[in-house]
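Asker: If you want the building blocks of each chain, they are given just below.
There are 4 protein chains.
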Amino acid sequence: MKSLVLEKKQALSLRDFPAIDKAEETLAPHDVRIKIHTVGICGSDVHYYTHGHIAPFVVNAPMILGHEASGTVIEVGTVVTSLKEGDRVCMEPGIPDPSSKATRLGLYNIDPAVRFWATPPVHGILRPTCVHPEAFTFKLPDNVSFAEAAMVEPLAVGVHAATKARVRPGDNAVVLGAGPIGLVTALAALAAGCARVYVTDLAQRKLDIAGSLSPAIVPVNAQSENLVDIVLSHTDGWGVDVVFEATGFPPCCQSCL
Amino acid sequence: MKSLVLEKKQALSLRDFPAIDKAEETLAPHDVRIKIHTVGICGSDVHYYTHGHIAPFVVNAPMILGHEASGTVIEVGTVVTSLKEGDRVCMEPGIPDPSSKATRLGLYNIDPAVRFWATPPVHGILRPTCVHPEAFTFKLPDNVSFAEAAMVEPLAVGVHAATKARVRPGDNAVVLGAGPIGLVTALAALAAGCARVYVTDLAQRKLDIAGSLSPAIVPVNAQSENLVDIVLSHTDGWGVDVVFEATGFPPCCQSCL
Amino acid sequence: MKSLVLEKKQALSLRDFPAIDKAEETLAPHDVRIKIHTVGICGSDVHYYTHGHIAPFVVNAPMILGHEASGTVIEVGTVVTSLKEGDRVCMEPGIPDPSSKATRLGLYNIDPAVRFWATPPVHGILRPTCVHPEAFTFKLPDNVSFAEAAMVEPLAVGVHAATKARVRPGDNAVVLGAGPIGLVTALAALAAGCARVYVTDLAQRKLDIAGSLSPAIVPVNAQSENLVDIVLSHTDGWGVDVVFEATGFPPCCQSCL
Amino acid sequence: MKSLVLEKKQALSLRDFPAIDKAEETLAPHDVRIKIHTVGICGSDVHYYTHGHIAPFVVNAPMILGHEASGTVIEVGTVVTSLKEGDRVCMEPGIPDPSSKATRLGLYNIDPAVRFWATPPVHGILRPTCVHPEAFTFKLPDNVSFAEAAMVEPLAVGVHAATKARVRPGDNAVVLGAGPIGLVTALAALAAGCARVYVTDLAQRKLDIAGSLSPAIVPVNAQSENLVDIVLSHTDGWGVDVVFEATGFPPCCQSCL
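Chains as they are written, first to last, in the working numbering: chain V, 1 to 257; chain G, 1001 to 1257; chain Z, 2001 to 2257; chain W, 3001 to 3257.
Just chain V, same shape as in the assembly (with noise of 0.2 Å):
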């Protein structure tokens, strides 16, 4: 196994990186060293690879891509207790400071000193081994395959909003986009309590996976058909409690209000 290196903007190469090995020879108390098994391709490593910046993140040096990922553990710090060698497990990609009054506020996510992976200059995932925080690696069930497991960090943006959009049992909502993220925020939703979620987009193959999920989903076609007139009729002309934008479009924001 190799590492997939951004080298440079539209330019990938799959080969070692003696440098990652070399940062992670030892492994620190805490710490457990993991055998990659899969990766899921993110739109920001696609990003990268198109624009080779998001934001203010410029690929400046060789970057290895990847951060949603599972395998298996081979190695565990000296006070490690939650796992064990062999354990299967996915990964959190971001390591907060734990001292930074992001974590002690319980908003580790948003700590502006996290390392994240495969933002310059932090190192993505798809590569052979990691070193990585047991307070960040989690055990999977046995039955949550390696792929399902490279799929919880983004299920885990949806069931974020879904926690912060502070469902109830009964609820209806809209999600904004049937991307990755639209589909798993409309699932969070659901598992949230959402009695009807309705997914909009304009590409018809996306909406048909969505209502393909649950017929509690009402896929919306936003070239063809008026989401704002199917939602009024559903609901005797009250709405839905809570909307997700989930396409990073301004017009739709906008929409939101």
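Incorrect hints may have been included.
Computed cross-link-like contacts, PhoX-like style, restricted to lysine-lysine with a CA-CA straight-line distance of at most 20 Å [as the list claims (entries may be wrong)]:
{"no.": "1", "chain 1": "V", "residue 1": "LYS139", "chain 2": "W", "residue 2": "LYS3101"}
{"no.": "2", "chain 1": "Z", "residue 1": "LYS2139", "chain 2": "G", "residue 2": "LYS1101"}
{"no.": "3", "chain 1": "V", "residue 1": "LYS101", "chain 2": "W", "residue 2": "LYS3101"}
{"no.": "4", "chain 1": "G", "residue 1": "LYS1164", "chain 2": "V", "residue 2": "LYS164"}
{"no.": "5", "chain 1": "V", "residue 1": "LYS35", "chain 2": "V", "residue 2": "LYS22"}
{"no.": "6", "chain 1": "G", "residue 1": "LYS1101", "chain 2": "Z", "residue 2": "LYS2101"}
{"no.": "7", "chain 1": "Z", "residue 1": "LYS2101", "chain 2": "G", "residue 2": "LYS1139"}
{"no.": "8", "chain 1": "G", "residue 1": "LYS1164", "chain 2": "Z", "residue 2": "LYS2101"}
{"no.": "9", "chain 1": "Z", "residue 1": "LYS2101", "chain 2": "G", "residue 2": "LYS1084"}
{"no.": "10", "chain 1": "G", "residue 1": "LYS1035", "chain 2": "G", "residue 2": "LYS1002"}
{"no.": "11", "chain 1": "V", "residue 1": "LYS101", "chain 2": "W", "residue 2": "LYS3164"}
{"no.": "12", "chain 1": "Z", "residue 1": "LYS2035", "chain 2": "Z", "residue 2": "LYS2002"}
{"no.": "13", "chain 1": "Z", "residue 1": "LYS2084", "chain 2": "G", "residue 2": "LYS1101"}
{"no.": "14", "chain 1": "W", "residue 1": "LYS3084", "chain 2": "V", "residue 2": "LYS101"}
{"no.": "15", "chain 1": "V", "residue 1": "LYS164", "chain 2": "W", "residue 2": "LYS3101"}
{"no.": "16", "chain 1": "Z", "residue 1": "LYS2164", "chain 2": "W", "residue 2": "LYS3164"}
{"no.": "17", "chain 1": "G", "residue 1": "LYS1084", "chain 2": "G", "residue 2": "LYS1139"}
{"no.": "18", "chain 1": "G", "residue 1": "LYS1022", "chain 2": "G", "residue 2": "LYS1002"}
{"no.": "19", "chain 1": "Z", "residue 1": "LYS2139", "chain 2": "Z", "residue 2": "LYS2035"}
{"no.": "20", "chain 1": "G", "residue 1": "LYS1164", "chain 2": "W", "residue 2": "LYS3164"}
In case anyone wonders, no lab produced these hints; they're calculated from the structure.
Given the coordinates of chain V, work out where chains G, Z and W should sit on it, guided by the hints.
Answerer: Positioned in the frame of chain V, the structure of chains G, Z and W alone reads:
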């Protein structure tokens, strides 16, 4: 059909009740008239029969029992728009003062001025027909039976509890008590996103019903098993996120803390 | 005293308005009659005068303006208990349908059926007297003047915003816009526990008023100062906990995100 | 300066404590060394002195008391950035495991692995100096005295309670108990937006202090006055929005419900 009248403590009769027919002779513009089909028997009905009172509410005069009801609309007031003759419906048993502070705050269920069926001196619903405000009468979907509809009122207790508890997806909960309210609360907690709900009781017969409702419900016999040990061992020492008290027994309240 | 009537766009007259006197001749049991003392002029009044419409609401017939009012009770309905002749009061300008879903949910302010003063075709309150429901008429404490009382309606916008924002003690907030709504929102945010509120505007005159209201309000001139730099330097790079948008200007909405 | 050592139940001595000097000889990169200035005496210190234990925590060996402290930084670790020698500070007395589930959830105060000053076997802070993590050491504003700073820890109990209670502007609250925690809770409830706080106690001396803190605090003598009657008469029969229990006395818990 006759009305079921609690004449006084431990004295029931099935008879006509002309006073209520007269009181409900005319239909106000916002009201509907409903032919009653099914009525559930609540613990409070039994308590009024057995003891003649609940807290400050005393049965001083013959009172019709029952407050969990479903039926069919047979007449609608002049300004009613959401219901029509023939609609199958269930009803909310408490009518608040629409001008009260509680109503303005969205807390009409705790309006001190609420008129609640089968709470002296307000008559209940074990009678042939009733007149009820459109706003508190709800049309049934075709797939809900009259018997299920009569259970909507107790079910709403569970849904309200799960909503107030702000259950988040993936939470674990304990429900103390496997009576009807305990069971609907457990089901509502699952619908609100709970991953697992521990239900405790002393009666194995009730626990067997609890366990049969969902693989995510874990029945715990409070006489032969230790709830705290079970919960801590299942959650790596963390405990549950939410506790619902559905016994009314003071030591159970204490154990919630 | 006469009524202030918007005859049509940009045409005001001060005159008798017999139609409303006739409509309010009789007093329903839950209503009170109020002699108007003071009425504030809202931006919406000015907008109807200047443009003749706001969004879908068009002035097609003469309409009395004004919805921020205080006055004195001069007559009470037969079942009114909380008010009596001579009481100094202020009034909520929107009367919802007491049977609506919005009212049942405690969201009567967004009831689609609300009848709101000075919103066509509902007349406003710049007139000698009005009839109003007891439930939306509030007795003034002795230390609140009629002028202050006429400001309760806009103040309530700020209090509602601070409540919905779930401000916690010690939070820092930004209010975009130092108009009347921006200022009442800043004051409400402080009353709700904010430690510091940054208020931005382009008009230095408005910022000077903002700064004079409390030492905990920091005025920021959006033309000559950089809000983000100021906030980050004051908060060790953390930023604020809450942002209130009180300009209605789309780029400001974007800057909230 | 010496350390105040609880040698065993009801046996205090003021003496050197070489073991702790040795344990704190070296400074980790994220730590600071603090010269202690002022330490408050908590009820728990008194309880350990009187009874030798609190719940499962037993004083089996000499233990330094005290956990409410302020002082001056006299040395900083190699990576400390927010503090420097000479800074006046107060300290949070409990250090959680930064890798724990509680920390990740933003609930580090209830981390089962927390090391809390003056809770056996962890030594307290009534000693000349201490070594403490930068993350739990807070620089004082110039207008806060060392004595006030030593009160920040109990004050934080009140602020945390008011935050958890989600106090909204204009709420009314009851605080049961006018001891130190009751008083800081009442003040925090006011800071969080409460309009009025009723504080009850049996000791008139404590109630006089409560009443002197703010005109918005209403002291109620639980022996000679009826709290419920007072609250209902002040609130037109509505009651309060929030109750804080600060006595630890079971019948008071019951009266909250």
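Asker: Verify the proposed pairing of LYS2164 of chain Z with LYS3164 of chain W, using a straight-line Cα cut of 20 Å.
Answerer: Answer holds: LYS2164 of chain Z to LYS3164 of chain W is near 16 Å, not above 20 Å.
Asker: Assess, step by step, whether the Cα of LYS1164 of chain G is no farther than 20 Å from the Cα of LYS2101 of chain Z, and give holds or violated.
Answerer: holds, 19 Å
Asker: Assess, step by step, whether the Cα of LYS3084 of chain W is no farther than 20 Å from the Cα of LYS101 of chain V, and give holds or violated.
Answerer: Holds, at roughly 18 Å.
Asker: LYS2101 of chain Z and LYS1084 of chain G were given as a pair; does the straight-line alpha-carbon distance stay at or below 20 Å?
Answerer: Holds, at roughly 18 Å.
Asker: Taken at face value, is the distance from the CA of LYS3164 of chain W to the CA of LYS101 of chain V at most 20 Å?
Answerer: holds, 19 Å
Asker: Run the distance test for LYS1084 of chain G versus LYS1139 of chain G: straight-line Cα separation, threshold 20 Å.
Answerer: holds, 10 Å
Asker: Run the distance test for LYS1164 of chain G versus LYS3164 of chain W: straight-line Cα separation, threshold 20 Å.
Answerer: At roughly 14 Å apart (the allowed maximum being 20 Å), LYS3164 of chain W and LYS1164 of chain G satisfy the hint.
Asker: Holds or violated: LYS2101 of chain Z and LYS1139 of chain G, Cα atoms, limit 20 Å.
Answerer: Within the cut-off at roughly 14 Å; holds.
Asker: Are the Cα positions of LYS1035 of chain G and LYS1002 of chain G separated by 20 Å at most?
Answerer: Within the cut-off at roughly 12 Å; holds.
Asker: Holds or violated: are the alpha carbons of LYS139 of chain V and LYS3101 of chain W at most 20 Å from each other?
Answerer: Holds, at roughly 14 Å.
Asker: Taken at face value, is the distance from the CA of LYS1002 of chain G to the CA of LYS1022 of chain G at most 20 Å?
Answerer: holds, 15 Å
Asker: Hey, LYS2035 of chain Z versus LYS2002 of chain Z, does the alpha-carbon distance stay inside 20 Å?
Answerer: holds, 12 Å
Going through the hint list in order, the structure satisfies each hint without exception.
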